[in-house]
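Mind docking chain B on chain A? Use the hints.
Chains A and B, in that order, give the protein sequences.
Just so you know, we're using our numbering here: the first sequence kicks off at 1 and counts up by one.
Just so you know, we're using our numbering here: the second sequence kicks off at 1 and counts up by one.
Keep in mind that the hints were calculated from the coordinates and are not lab data.
You may find that some hints are simply not true.
Short derived list, chain B residues pointing at chain A, Cβ under 10 Å [said to hold, decoys possible]:
#1 Ala-109
#2 Ile-121
#3 Pro-127
#4 Asp-152
#5 Ser-155
#6 Gly-158
#7 Ala-164
#8 Arg-170
In the DSSO-like style, the derived pairs of lysine-lysine whose C-alpha atoms are separated by at most 27 Å in a straight line are [said to hold, decoys possible]:
#9 B/Lys-117 with A/Lys-254
#10 B/Lys-117 with A/Lys-68
#11 B/Lys-117 with B/Lys-141
#12 A/Lys-254 with A/Lys-4
In this text, a Cβ means the ideal position worked out from N, Cα and C, and glycines have one as well.
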Amino acid sequence: MAGKTLTLDEFATRVTSGMTIGIGGWGSRRKPMALVRALLRSPVTDLTVVTLGGPEVGLLCAAGKVRKLVYGFVSLDSIPLDPHFRAARESGAVETAEYDEGMFVTGLRAAANRLSFLPIRAGLGSDVLTMNPGLRTVASPYADEEYVAMPALPLDVALVHVNRADPVGNVQYLGPDPYFDDLYAMAAGACYVSCEEIVPTGRLLDHAPAQTLLFSRMYTTGVVETPRGAHFTSCVPDYDRDEAFQAHYAAAAKDPEAWQGFARTFLDGGEQDYQAAVARFHDHAAPRQESRA
Amino acid sequence: MTDATRAEVCVIACAEAFRGDGEILASAFGTIPAIGVRLARATFAPDLLLTDGEAQLVRGTWAVGAPADGVVEGWSPFRRIFDLVWHGKRHAMMIPVQIDRYGNTNISALGDHARPKVQLIGVRGAPGNTVTHPVSYWVPKHAPRAFVPRVDLVSGVGHDSAAAAGTGARRYHDLRRVVTNLAVFDFAPEGGAMRLRSVHPGVTVDEVCAATGFPLVIEGEVPETRLPTEEELRLIRDVLDPRGLRDEEVPA
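So that you can see chain A by itself, here it is in the shape it has in the complex:
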């Protein structure tokens, strides 16, 4: 059985301009941020990004990588709105398809099931239908009801981040919620998984039951080991969201000059440089926090 481990740089060459990429996780939770940072360093552009969005949307928009956003929402959870996303919307910089969260999941499910649509009640009577003029309804052949015919959301590539994987791409989450990472994997032509730790297959069930194995190697194209690779989003139980850093990100994103400084400090180097800069950020931030208390 062929190993599927990749470096971050190798992964980055697999995504090409114009692709439709689905990004797993939810809001500011278990996002494949190291993979996203690798895309920020690559020349890729003109992406269609399909996501239950968090800070990856803001980062990709700020870097000018996004042509179209397909989303159920974009939120930093503890901070309601991502400032870069807000700016991109209010300047009309990106095309959008905004769906009800459940419609979004249904679109992924349709793609995973190789159907062109699935019926759903959500969306009826709302402006989701007028803001997405291509959406159609479908009459039930069995009852006097019409439903939204949610079109499939097929992906060229899916990016997800999990707690553990093995070298051949069996994928394990250890936190409270799988989110929809298995659907992204099944809706995509290729799925790249980053993880906190690559372990031998025989160790996957150490301290974890089999139902934590979220999806199997048959859906996985490549595996990248990226410790703290979801930072600054949460990756429970390995770590919680880095609220101080997220607040720093959101504050910088509101001001072009501050953003230049943020990008220089955190985004101009490689992943190791990023993690080192984050550690320095906390070394400097810690004494200030103590003096406030």
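Leaving out everything else, chain B in the frame of chain A:
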């Protein structure tokens, strides 16, 4: 009790929205609704189910702003929440940025959606919630900018929109209450326009009308929202919100 604050009256009004709901999931957004559903379960609606805000169903009563410390009785990851939304055993209290006469609500964007003047959070789950299970609303600051003649974008489906969209949208459409810092509303059975149910103690009907950007249905004498009992006040002050977070949402 006569010393209840406005925030405490709002807690009671939010709790009352869930009276009689039985064994369903109560999802509350905002501090005062969160206190309200926990108060309802601790008193007159013991069968309600509540989540810890993440992926577990938890029994017990715990303070807002603190981690849930009750007994875990179920797993509720987001995928199961969607299944539950579509199944219908849920009553959500959401916070609209705009709400209009027929209960259409907007949390998506102000202005034109193609290029909004102000991007808000997006429609989130509002379209699905409103056509599949009971929904109520909480508006902590009742003012004409929130109570508008017509919302810029329909995220949550109102009565006129549901009627126009047909049976699929109408079948499970069930808007229950709108609670604000001034008053409590429901919707008139005929036509589905917003109806004033009660005003909080110290608030006049005229004040409510002046703060509302459309005509309200008002039938006869409008009663006052009920006050908390002594036991309810104890629960709010000592157990559910000892840090007084409710006063940050609705100042005294």
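Of the numbered hints stated earlier in the document, which are not met by this structure?
The structure conflicts with hint 12 only, although it agrees with all the remaining ones.
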